[in-house]
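Last residue of the sequence shown? That's 623 in my numbering, and every number before it is there in order.
By construction, these hints were calculated from the structure, which means they are not laboratory data. Bear in mind the structure is a predicted one, so any value in this text is a computation, not a measurement. One or more of the hints may lead you astray.
[Said to hold, decoys possible] Ranges between beta-carbon positions, derived for each pair:
1. 419 - 548: 50 to 58 Å
2. 570 - 528: 41 to 49 Å
3. 553 - 578: 50 to 58 Å
4. 521 - 436: 36 to 44 Å
5. 525 - 546: 22 to 30 Å
6. 563 - 490: 17 to 25 Å
7. 532 - 480: 29 to 37 Å
[As the list claims (entries may be wrong)] With a cut-off of at most 16 Å between alpha-carbon atoms, the simulated EDC-like pairs for lysine to aspartate or glutamate come out as follows:
8. 405 - 585
9. 466 - 559
10. 536 - 460
11. 438 - 465
12. 439 - 568
13. 502 - 514
14. 543 - 559
15. 403 - 437
16. 439 - 400
17. 502 - 487
18. 405 - 588
19. 543 - 568
20. 466 - 544
21. 535 - 514
22. 405 - 446
23. 528 - 549
24. 439 - 500
25. 403 - 540
26. 439 - 544
27. 439 - 460
28. 512 - 500
29. 405 - 579
30. 438 - 401
31. 535 - 546
32. 438 - 427
33. 536 - 426
34. 438 - 500
35. 466 - 437
36. 535 - 426
37. 405 - 437
38. 383 - 592
39. 528 - 544
40. 403 - 585
By construction, the Cβ of each residue, glycine as well, lies at the ideal position given by its N, Cα and C atoms.
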Amino acid sequence: MTDEWKAPAKASAESGDEKSWKLLEKTLLASVQEQRRSRRWGIFFKLLTFTYLFAALMLFTPLMSLEKGAVSGSAYTALIDIEGMIADKEPASADNIVGSLRAAFEDPKAKGVVLRINSPGGSPVQSGYVYDEIVRLRGLHPDKKVYAVIADLGASGAYYIASAADQIYADKASLVGSIGVTAAGYGFVGTMEKLGVERRVYTSGEHKSFLDPFQPQKPEETAFWQGVLDTTHKQFIASVKKGRGERLKDKEHPELFSGLVWSGEQALPLGLIDGLGSASSVARDVIGQKDLVDFTIEESPFDRFSKKLGASIAEHLAMWMGFQGPALR
295 MTDEWKAPAK ASAESGDEKS WKLLEKTLLA SVQEQRRSRR WGIFFKLLTF
345 TYLFAALMLF TPLMSLEKGA VSGSAYTALI DIEGMIADKE PASADNIVGS
395 LRAAFEDPKA KGVVLRINSP GGSPVQSGYV YDEIVRLRGL HPDKKVYAVI
445 ADLGASGAYY IASAADQIYA DKASLVGSIG VTAAGYGFVG TMEKLGVERR
495 VYTSGEHKSF LDPFQPQKPE ETAFWQGVLD TTHKQFIASV KKGRGERLKD
545 KEHPELFSGL VWSGEQALPL GLIDGLGSAS SVARDVIGQK DLVDFTIEES
595 PFDRFSKKLG ASIAEHLAMW MGFQGPALR
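Please build the complete structure, drawing on both the sequences and the hints.
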């Protein structure tokens with residue numbers, strides 16, 4: 295309270311204007327309280343911001359990976375999960391699976407590798423990468439066996455990968471097979487005509503826009519695209535035959551390559567699998583090392599978010615163009 299207005303206020307009070315003095319006192323007190331409240335809220339929001347930044351840092355910082363073989367000094371079975379869509383930028387991408395495989399094969403305490411599969415398939419390219427790497431690693435480490443164990447679903451590209459293993463196991467109710475190739479899109483030609491919308495596209499190649507969903511299909515382009523799918527299917531079949539060998543009863547059952555799926559119980563006599571079992575039973579009864587150590591590469595939430603964002607943009611762009619490449623699913 296400065297001397298300039300304190301003296302007049304005191305004089306006013308002394309002259310009997312007590313109400314004015316009390317009003318002024320209340321105003322000053324309210325001002326001080328408001329300043330205190332403002333400071334408290336300022337501190338609160340600063341703490342809230344700090345907490346948010348700290349939480350974000352913890353969330354998006356890659357988690358420290360535990361040493362996979364640190365559970366004990368004895369031998370064990372290496373476990374690698376292949377779950378969900380097999381595609382680039384997904385948890386079940388070739389990069390992640392191959393990295394896990396290499397770590398498991400290079401670990402001297404891992405006496406066998408179990409691929410625990412629960413996937414509808416996905417990219418033939420990603421599946422092919424994993425298949426080739428399994429074959430390569432098996433050649434480098436002939437004493438270390440790989441066993442594919444199908445949980446709920448091991449279809450298409452997932453079965454492609456499984457066929458590279460030494461043996462395949464599944465539950466009696468698992469779904470196995472779907473050895474085929476698919477590519478899908480939409481056609482909006484009739485809709486465009488009804489709306490009175492004219493499609494204008496400019497290309498420098500005769501067939502550059504042959505998958506454009508806003509233009510009518512041409513018989514020669516449809517035949518060409520079918521040839522691409524047939525070629526991919528033949529590659530798929532050749533890999534499965536090479537992996538399964540004489541165990542596969544494809545001569546008696548050509549429908550194995552038709553895209554159908556079978557239960558694990560049905561798949562066994564067809565040669566699609568070698569036995570019924572789970573990851574733990576294979577580790578215990580086949581490999582002889584009941585302890586399972588997880589070698590599955592786990593990405594940080596930030597890595598997953600970044601990859602999902604990039605994949606989502608690419609996927610939506612492909613959908614907008616009406617294009618979807620061959621898929622094993």
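Okay, the hints, checked on the actual structure:
1. Distance hint for residue 419 and residue 548: a CB-CB separation of about 26 Å, inconsistent with the stated range 50 to 58 Å.
2. For the pair residue 570 and residue 528, the beta carbons lie near 30 Å from each other, so the given range of 41 to 49 Å is not met.
3. For residue 553 paired with residue 578, a C-beta distance near 34 Å fails the hint of 50 to 58 Å.
4. The supplied range of 36 to 44 Å is met by residue 521 and residue 436, whose beta-carbon atoms lie about 38 Å from each other.
5. Taken as a hint, the range 22 to 30 Å holds for the pair residue 525 and residue 546, whose Cβ atoms sit roughly 26 Å apart.
6. Judged by the Cβ atoms, the range 17 to 25 Å given for residue 563 and residue 490 is violated: they are separated by roughly 59 Å.
7. Checked against the hint of 29 to 37 Å, the C-beta distance between residue 532 and residue 480 comes to roughly 32 Å, which is consistent with it.
8. With a C-alpha separation of about 11 Å, the suggested pairing of residue 405 with residue 585 holds against the 16 Å cut-off.
9. A distance of roughly 4 Å separates the Cα atoms of residue 466 and residue 559; the hinted pair therefore holds under the 16 Å criterion.
10. For the hint linking residue 536 to residue 460, the alpha-carbon distance of about 11 Å falls within 16 Å, and the restraint holds.
11. Of the supplied pair hints, the one linking residue 438 and residue 465 is violated, its CA atoms being roughly 23 Å apart against a limit of 16 Å.
12. For the suggested pair residue 439 and residue 568, the alpha carbons sit about 14 Å apart, so the restraint of at most 16 Å is met.
13. The hinted pair formed by residue 502 and residue 514 meets the criterion: a straight-line CA distance of about 13 Å does not exceed 16 Å.
14. Of the pairs offered as hints, the one joining residue 543 and residue 559 holds, with about 15 Å between alpha carbons and a cut-off of 16 Å not exceeded.
15. As the CA atoms of residue 403 and residue 437 are separated by approximately 12 Å, the hinted pair is consistent with the 16 Å bound.
16. Pair hint residue 439 plus residue 400 holds up; C-alpha atoms about 13 Å apart against a cutoff of 16 Å.
17. The straight-line distance between the Cα atoms of residue 502 and residue 487 is roughly 22 Å, outside the 16 Å bound, and the hint therefore fails.
18. Restraint check for residue 405 and residue 588: the C-alpha separation of about 13 Å stays at or below 16 Å, so the hint holds.
19. For the hint pairing residue 543 with residue 568, the CA-to-CA distance comes to about 12 Å; that is within 16 Å, so the pair holds.
20. Our distance criterion of 16 Å between C-alpha atoms is broken by residue 466 and residue 544, whose separation comes to about 20 Å.
21. Restraint check: the Cα-Cα separation between residue 535 and residue 514 comes to about 31 Å, which exceeds 16 Å; the hinted pair is violated.
22. With a C-alpha separation of about 26 Å, the suggested pair residue 405 and residue 446 falls outside the 16 Å cut-off, and the hint is violated.
23. Between the alpha carbons of residue 528 and residue 549 the distance comes to roughly 14 Å, so the proposed pair stays at or under 16 Å and holds.
24. The straight-line distance between the Cα atoms of residue 439 and residue 500 is roughly 50 Å, outside the 16 Å bound, and the hint therefore fails.
25. Annotation: proposed proximity of residue 403 to residue 540 is violated, straight-line Cα distance about 32 Å (limit 16 Å).
26. Taking the CA atoms of residue 439 and residue 544, the gap is near 25 Å; set against the 16 Å cutoff, the hint is violated.
27. Taking the CA atoms of residue 439 and residue 460, the gap is near 6 Å; set against the 16 Å cutoff, the hint holds.
28. Distance restraint check for residue 512 and residue 500: the Cα-Cα separation of roughly 12 Å lies within the 16 Å cut-off, and the hinted pair is therefore satisfied.
29. Under the criterion of a C-alpha separation no larger than 16 Å, the hint pairing residue 405 with residue 579 is consistent with the structure, at around 13 Å.
30. Restraint check: the Cα-Cα separation between residue 438 and residue 401 comes to about 10 Å, which is no more than 16 Å; the hinted pair holds.
31. Under the criterion of a C-alpha separation no larger than 16 Å, the hint pairing residue 535 with residue 546 is consistent with the structure, at around 14 Å.
32. Proximity of residue 438 to residue 427 is assessed by CA-CA distance (about 14 Å); at most 16 Å being required, the pair is judged to hold.
33. As the CA atoms of residue 536 and residue 426 are separated by approximately 12 Å, the hinted pair is consistent with the 16 Å bound.
34. Between the alpha carbons of residue 438 and residue 500 the distance comes to roughly 52 Å, so the proposed pair goes past 16 Å and is violated.
35. Taking the CA atoms of residue 466 and residue 437, the gap is near 29 Å; set against the 16 Å cutoff, the hint is violated.
36. At most 16 Å may separate the alpha-carbon atoms for a hinted pair to count; residue 535 and residue 426 meet this at roughly 14 Å.
37. In summary, the hint linking residue 405 to residue 437 is supported, as the alpha carbons are separated by about 8 Å, within the 16 Å threshold.
38. Simply put, residue 383 and residue 592 have alpha-carbon atoms about 13 Å apart, close enough for the 16 Å limit, and the pair holds.
39. At most 16 Å may separate the alpha-carbon atoms for a hinted pair to count; residue 528 and residue 544 meet this at roughly 14 Å.
40. Taking the CA atoms of residue 403 and residue 585, the gap is near 11 Å; set against the 16 Å cutoff, the hint holds.
In summary, the structure is inconsistent with hints 1, 2, 3, 6, 11, 17, 20, 21, 22, 24, 25, 26, 34 and 35 from the numbered list given earlier, while agreeing with the others.
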